[in-house]
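Engineer: Construct the entire structure; sequences and hints are all you get.
There are 2 protein chains.
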Amino acid sequence: MKKSALQTARASYQPKLPEAIKNGVTIVEGKATQSVADQEAIAKLFPNTYGMPVLRFEAAAKKEYPAINVGVILSGGQAPGGHNVISGLFDGLKALNKESRLFGFLLGPGGLIEHKYMELTADIIDDYRNTGGFDIIGSGRTKLETKDQFDSGLEIIKELGIKAVVIIGGDDSNTNACVLAEYYKQIGAGVQVIGCPKTIDGDLKNEMIESSFGFDTACKVYSEVIGNIQRDCNSAKKYWHFIKLMGRSASHIALECALQTQPNICLISEEIEAKQMTLDDVVNYIAEIVAARAAKGNNFGTVLIPEGLIEFIPAMKRLIAELNDYLAANGSEFAMIKKSEQINYIIKHLSPENSAIYASLPEGVARQLTLDRDPHGNVQVSLIETEKLLGEMVGRRLAEMKAEGKFVGKFATQFHFFGYEGRCADPSNFDADYCYSLGYTAALLVGEGKTGYMSSVRNTTKPASEWIAGGVPVTMMMNMERRHGEMKPVIQKALVRLDGAPFKYFAAHRDEWAMNTCYVYPGPIQYFGPTEVCDQPTKTLMLEQNGTI
Amino acid sequence: MKKSALQTARASYQPKLPEAIKNGVTIVEGKATQSVADQEAIAKLFPNTYGMPVLRFEAAAKKEYPAINVGVILSGGQAPGGHNVISGLFDGLKALNKESRLFGFLLGPGGLIEHKYMELTADIIDDYRNTGGFDIIGSGRTKLETKDQFDSGLEIIKELGIKAVVIIGGDDSNTNACVLAEYYKQIGAGVQVIGCPKTIDGDLKNEMIESSFGFDTACKVYSEVIGNIQRDCNSAKKYWHFIKLMGRSASHIALECALQTQPNICLISEEIEAKQMTLDDVVNYIAEIVAARAAKGNNFGTVLIPEGLIEFIPAMKRLIAELNDYLAANGSEFAMIKKSEQINYIIKHLSPENSAIYASLPEGVARQLTLDRDPHGNVQVSLIETEKLLGEMVGRRLAEMKAEGKFVGKFATQFHFFGYEGRCADPSNFDADYCYSLGYTAALLVGEGKTGYMSSVRNTTKPASEWIAGGVPVTMMMNMERRHGEMKPVIQKALVRLDGAPFKYFAAHRDEWAMNTCYVYPGPIQYFGPTEVCDQPTKTLMLEQNGTI
Numbered sequence: 006m007k008k009s010a011l012q013t014a015r016a017s018y019q020p021k022l023p024e025a026i027k028n029g030v031t032i033v034e035g036k037a038t039q040s041v042a043d044q045e046a047i048a049k050l051f052p053n054t055y056g057m058p059v060l061r062f063e064a065a066a067k068k069e070y071p072a073i074n075v076g077v078i079l080s081g082g083q084a085p086g087g088h089n090v091i092s093g094l095f096d097g098l099k100a101l102n103k104e105s106r107l108f109g110f111l112l113g114p115g116g117l118i119e120h121k122y123m124e125l126t127a128d129i130i131d132d133y134r135n136t137g138g139f140d141i142i143g144s145g146r147t148k149l150e151t152k153d154q155f156d157s158g159l160e161i162i163k164e165l166g167i168k169a170v171v172i173i174g175g176d177d178s179n180t181n182a183c184v185l186a187e188y189y190k191q192i193g194a195g196v197q198v199i200g201c202p203k204t205i206d207g208d209l210k211n212e213m214i215e216s217s218f219g220f221d222t223a224c225k226v227y228s229e230v231i232g233n234i235q236r237d238c239n240s241a242k243k244y245w246h247f248i249k250l251m252g253r254s255a256s257h258i259a260l261e262c263a264l265q266t267q268p269n270i271c272l273i274s275e276e277i278e279a280k281q282m283t284l285d286d287v288v289n290y291i292a293e294i295v296a297a298r299a300a301k302g303n304n305f306g307t308v309l310i311p312e313g314l315i316e317f318i319p320a321m322k323r324l325i326a327e328l329n330d331y332l333a334a335n336g337s338e339f340a341m342i343k344k345s346e347q348i349n350y351i352i353k354h355l356s357p358e359n360s361a362i363y364a365s366l367p368e369g370v371a372r373q374l375t376l377d378r379d380p381h382g383n384v385q386v387s388l389i390e391t392e393k394l395l396g397e398m399v400g401r402r403l404a405e406m407k408a409e410g411k412f413v414g415k416f417a418t419q420f421h422f423f424g425y426e427g428r429c430a431d432p433s434n435f436d437a438d439y440c441y442s443l444g445y446t447a448a449l450l451v452g453e454g455k456t457g458y459m460s461s462v463r464n465t466t467k468p469a470s471e472w473i474a475g476g477v478p479v480t481m482m483m484n485m486e487r488r489h490g491e492m493k494p495v496i497q498k499a500l501v502r503l504d505g506a507p508f509k510y511f512a513a514h515r516d517e518w519a520m521n522t523c524y525v526y527p528g529p530i531q532y533f534g535p536t537e538v539c540d541q542p543t544k545t546l547m548l549e550q551n552g553t554i
Numbered sequence: 006m007k008k009s010a011l012q013t014a015r016a017s018y019q020p021k022l023p024e025a026i027k028n029g030v031t032i033v034e035g036k037a038t039q040s041v042a043d044q045e046a047i048a049k050l051f052p053n054t055y056g057m058p059v060l061r062f063e064a065a066a067k068k069e070y071p072a073i074n075v076g077v078i079l080s081g082g083q084a085p086g087g088h089n090v091i092s093g094l095f096d097g098l099k100a101l102n103k104e105s106r107l108f109g110f111l112l113g114p115g116g117l118i119e120h121k122y123m124e125l126t127a128d129i130i131d132d133y134r135n136t137g138g139f140d141i142i143g144s145g146r147t148k149l150e151t152k153d154q155f156d157s158g159l160e161i162i163k164e165l166g167i168k169a170v171v172i173i174g175g176d177d178s179n180t181n182a183c184v185l186a187e188y189y190k191q192i193g194a195g196v197q198v199i200g201c202p203k204t205i206d207g208d209l210k211n212e213m214i215e216s217s218f219g220f221d222t223a224c225k226v227y228s229e230v231i232g233n234i235q236r237d238c239n240s241a242k243k244y245w246h247f248i249k250l251m252g253r254s255a256s257h258i259a260l261e262c263a264l265q266t267q268p269n270i271c272l273i274s275e276e277i278e279a280k281q282m283t284l285d286d287v288v289n290y291i292a293e294i295v296a297a298r299a300a301k302g303n304n305f306g307t308v309l310i311p312e313g314l315i316e317f318i319p320a321m322k323r324l325i326a327e328l329n330d331y332l333a334a335n336g337s338e339f340a341m342i343k344k345s346e347q348i349n350y351i352i353k354h355l356s357p358e359n360s361a362i363y364a365s366l367p368e369g370v371a372r373q374l375t376l377d378r379d380p381h382g383n384v385q386v387s388l389i390e391t392e393k394l395l396g397e398m399v400g401r402r403l404a405e406m407k408a409e410g411k412f413v414g415k416f417a418t419q420f421h422f423f424g425y426e427g428r429c430a431d432p433s434n435f436d437a438d439y440c441y442s443l444g445y446t447a448a449l450l451v452g453e454g455k456t457g458y459m460s461s462v463r464n465t466t467k468p469a470s471e472w473i474a475g476g477v478p479v480t481m482m483m484n485m486e487r488r489h490g491e492m493k494p495v496i497q498k499a500l501v502r503l504d505g506a507p508f509k510y511f512a513a514h515r516d517e518w519a520m521n522t523c524y525v526y527p528g529p530i531q532y533f534g535p536t537e538v539c540d541q542p543t544k545t546l547m548l549e550q551n552g553t554i
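Which chain is which? The protein sequence lines are A and B, in order. Taking this note's numbering, the leading residue of the first sequence gets 6, the next gets one more, and so forth. Taking this note's numbering, the leading residue of the second sequence gets 6, the next gets one more, and so forth.
Hints may be right or wrong, so weigh each one.
Each pair may be met inside one copy or between any two copies, as identical chains are not told apart.
[Claimed, not checked] In silico lysine-lysine, DSSO-like type, Cα no more than 27 Å apart, as pairs:
1. Lys-163 <-> Lys-509
2. Lys-168 <-> Lys-415
3. Lys-301 <-> Lys-68
4. Lys-67 <-> Lys-393
5. Lys-8 <-> Lys-301
6. Lys-49 <-> Lys-21
7. Lys-7 <-> Lys-509
8. Lys-8 <-> Lys-509
9. Lys-493 <-> Lys-21
10. Lys-148 <-> Lys-415
11. Lys-344 <-> Lys-393
12. Lys-190 <-> Lys-168
It is worth saying that the hints were derived from the structure and are not from the lab.
Structural biologist: This is the structure:
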């Protein structure tokens with residue numbers, strides 16, 4: 006494997022650990038816990054793993070632990086730092102007992118079910134320290150949900166003498182980890198399951214989980230390129246750049262990038278939903294800012310857009326729901342309609358409200374909403390080029406405003422979508438340290454015989470030595486939600502809170518950022534420089550934990 | 006202006022200068038020069054600036070220089086390091102004489118013509134040291150070509166007591182700088198003009214100009230995100246990523262990024278033209294590699310595509326030429342055709358060869374080729390989403406191969422286009438030093454009374470102290486080319502040489518990179534770390550100058 010100069014130099018970085026877990030540990034137990042909602046239902050579904058206390062590790066004399074075999078799984082989309090979770094886990098297990106062994110299941114949960122694995126030895130681990138990506142064992146999206154899967158997994162677990170499985174994933178994967186923990190405990194399999202909070206989207210967080218790993222690095226990569234685009238925008242002074250960012254379910258990424266780069270406009274899906282804004286409202290909001298800047302001679306700007314925006318606009322949600330229902334019932338009739346007649350056909354057959362919205366959409370988007378459907382017959386919202394949709398509709402609105410004398414200027418656009426650029430970046434110092442600590446903590450939880458816990462590292466705006474490591478019962482984060490028509494226990498997703506410090510800071514500054522050009526250019530992630538450049542957590546985390554940036 | 010932590014830390018970086026120009030200098034003149042081609046015609050067009058010698062600065066006792074007022078212009082697309090050219094120029098002028106002053110013309114050459122300018126004082130300069138972008142005075146694409154423009158410029162030049170104008174731009178802007186130098190000399194205006202070689206495209210280089218500034222940084226930013234995508238690709242193992250990169254006229258960027266990241270496929274426009282490849286040839290080339298990787302179970306990969314590819318495919322060039330001609334002559338008739346009939350209409354009216362190619366194109370591209378035309382009636386090739394065109398056609402070809410049993414696998418695609426992400430990045434140490442040295446050298450050329458020269462800094466694969474600073478007569482790089490139907494003197498563009506070391510290295514390795522997964526992950530540009538991470542020039546430059554990387 007040929008390595009870049011940075012990879013080679015970075016390989017020797019020793020991630021920082023909380024002081025409390027560097028040597029021996031003892032466990033401090035908190036009080037019994039409750040799930041965040043639907044306590045009765047959750048308690049009933051998790052009789053063996055519900056109500057366990059929050060755990061905190063404190064420094065103590067070194068203990069002896071038996072050798073343990075552990076399996077690890079990377080689940081779902083990539084996030085920077087996954088390799089450091091694994092190297093922290095590996096080092097933690099070896100610190101417990103040199104004879105401990107680590108097995109990696111290949112290409113996600115499917116590897117457990119299909120018995121595909123490799124042993125992760127020291128030389129392999131060393132090749133991946135402080136690197137981005139999940140390529141050490143690959144990842145996958147198979148959901149661990151059924152008894153058959155659990156039983157099949159148990160076969161290979163028994164064969165390899167595995168005592169614990171660590172599942173690195175997002176909210177769904179950690180929910181499933183807990184279901185698996187409950188099942189193995191219930192049948193007395195003697196297998197522990199520990200989760201680790203991963204997702205660049207930043208929507209797996211709560212009182213005990215300050216952030217999911219990868220959010221820090223991914224947002225910094227996006228902010229780097231957004232900053233570069235803003236500098237270009239402010240140099241050429243002739244384009245409006247519409248920049249879509251990852252974040253289907255929550256707008257944390259867009260918000261963090263806005264805090265980092267101070268764009269002219271940033272849309273927050275949660276606010277748009279709360280204010281019951283229509284697509285026209287959103288378009289008008291942007292168009293008004295474009296016109297106001299143009300009036301001052303500034304025919305350029307930047308707009309950040311979260312990927313999931315469309316689904317947060319109540320009227321669009323209703324339109325999509327009716328389209329899904331209508332086409333599910335009348336799909337074969339619709340398939341007979343000539344392509345050139347399809348849009349008119351749909352307009353005629355929708356309810357008046359939805360028909361009007363549909364008719365207002367640019368042709369490309371209207372077509373996309375009726376043609377490209379997933380195997381369940383649903384619109385594939387992720388395929389909608391929201392940034393182009395908004396750019397086109399704002400352009401139309403500005404043409405009307407020009408005719409009314411309300412817009413005097415030019416409006417030319419450029420479009421960008423950033424996703425894959427950030428998910429596998431080399432982890433920032435923060436994520437390198439945080440992930441390594443999460444993995445190391447997971448090893449300690451395994452050593453202490455725990456199951457149904459998520460590895461937790463808190464106090465993360467302080468220096469790493471002061472971080473607090475421990476475990477949080479997964480059931481504590483759960484509530485009941487309707488999924489595919491059934492009520493299911495799931496970890497409550499953390500959306501952007503409109504009363505939270507990050508959004509409030511943004512809301513207090515956005516008008517100034519809109520009218521004036523206040524761009525900040527964060528530049529690329531640095532690993533070797535002064536601490537104020539290399540070791541800062543996200544603005545979101547600083548605001549949430551300390552109320553200030 | 007709120008600054009990021011990196012901006013603040015980076016502001017104090019002192020760019021390195023060649024040892025020879027740190028104090029006093031003397032000029033060593035080379036022999037009289039000739040233009041690279043068409044000597045007679047160029048000599049005739051530039052009677053006052055033709056044939057001048059190459060200049061080299063050597064260290065000497067410090068001399069006294071009079072105070073000089075200088076104007077500076079940023080011309081054309083942004084490139085990382087422009088601010089350092091200006092700060093080097095400023096510091097160089099102040100070193101000549103503390104009373105020297107620097108004026109920036111605003112938003113490109115237009116600022117000179119329209120008398121829009123600002124004085125660049127020490128506090129302004131300090132705010133922009135080592136930063137990306139051209140926002141200090143803005144840039145623009147107005148071409149300085151006519152006597153009226155020159156004369157209008159001369160008015161403000163006289164008003165401000167300016168003795169020299171430094172034009173920072175690409176091949177066209179430097180050509181125009183030389184035309185301006187010639188004109189001012191011819192009329193005895195007493196105004197010198199000096200050029201600086203800028204363009205991320207890397208196509209302004211020759212024996213005396215080792216690289217244009219910005220190429221280093223931009224390629225490193227693109228390589229960072231390509232590396233991140235490759236790591237994702239190698240983790241999820243389920244997508245082919247088609248990545249388009251800047252480079253209309255030459256493929257240096259794609260080639261450099263390939264050398265940095267070792268993708269599975271990289272297309273080089275110059276090779277495709279030289280081999281007279283058809284679009285089908287290109288599609289087959291990609292499809293064969295996809296199928297061969299799939300046969301080994303690898304349904305993923307990366308393809309780098311230079312922006313200008315389409316225009317280098319001879320058959321596509323002929324199709325576009327016929328379309329331009331046909332629609333110029335029959336535009337009003339074509340405008341009457343129903344949208345659903347347009348493609349068939351075109352197919353019927355083209356020559357058989359072009360008709361067949363046109364019929365083979367995906368509908369979206371076919372439509373784009375007939376509908377979106379620039380004000381001169383030409384196809385806007387830059388709007389063609391070449392990455393999607395190739396992805397779609399490869400998908401079709403693979404479906405045929407599957408039916409023939411020649412492809413057993415899956416083919417899912419993701420598309421990316423990187424341009425604005427790299428043009429305004431903070432300059433790498435290389436570009437920060439190189440640009441500062443170019444600007445400082447320009448000041449010395451001004452001090453020495455030179456005109457019609459381009460600032461030149463060579464020996465750049467060595468430490469900066471050993472760099473060779475001097476001036477190259479712009480006429481030396483010129484030849485005659487047909488532009489808009491007229492023969493014009495222009496700086497010869499440097500295309501990728503198929504017999505050059507960078508391409509040969511790539512060609513020797515690409516088969517291995519195609520079949521095996523040899524991705525390299527360069528990571529983000531570093532400013533503070535070990536020299537092998539922070540101070541390396543491009544692979545292209547290393548191979549060109551030293552024959553090895």
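Engineer: If a hint holds in the structure, say so; if it doesn't, say that too.
Structural biologist: Status of the hints after comparison with the structure:
no.	hint	in the structure
1	Lys-163 <-> Lys-509	neither (51 Å within a copy, 53 Å between copies)
2	Lys-168 <-> Lys-415	neither (65 Å within a copy, 36 Å between copies)
3	Lys-301 <-> Lys-68	neither (69 Å within a copy, 48 Å between copies)
4	Lys-67 <-> Lys-393	neither (59 Å within a copy, 59 Å between copies)
5	Lys-8 <-> Lys-301	between (50 Å within a copy, 24 Å between copies)
6	Lys-49 <-> Lys-21	neither (40 Å within a copy, 69 Å between copies)
7	Lys-7 <-> Lys-509	between (46 Å within a copy, 19 Å between copies)
8	Lys-8 <-> Lys-509	between (43 Å within a copy, 21 Å between copies)
9	Lys-493 <-> Lys-21	neither (38 Å within a copy, 63 Å between copies)
10	Lys-148 <-> Lys-415	between (49 Å within a copy, 21 Å between copies)
11	Lys-344 <-> Lys-393	both (22 Å within a copy, 22 Å between copies)
12	Lys-190 <-> Lys-168	within (12 Å within a copy, 85 Å between copies)
Hint compliance for this structure: hints 1, 2, 3, 4, 6, 9 are broken, all remaining hints hold.
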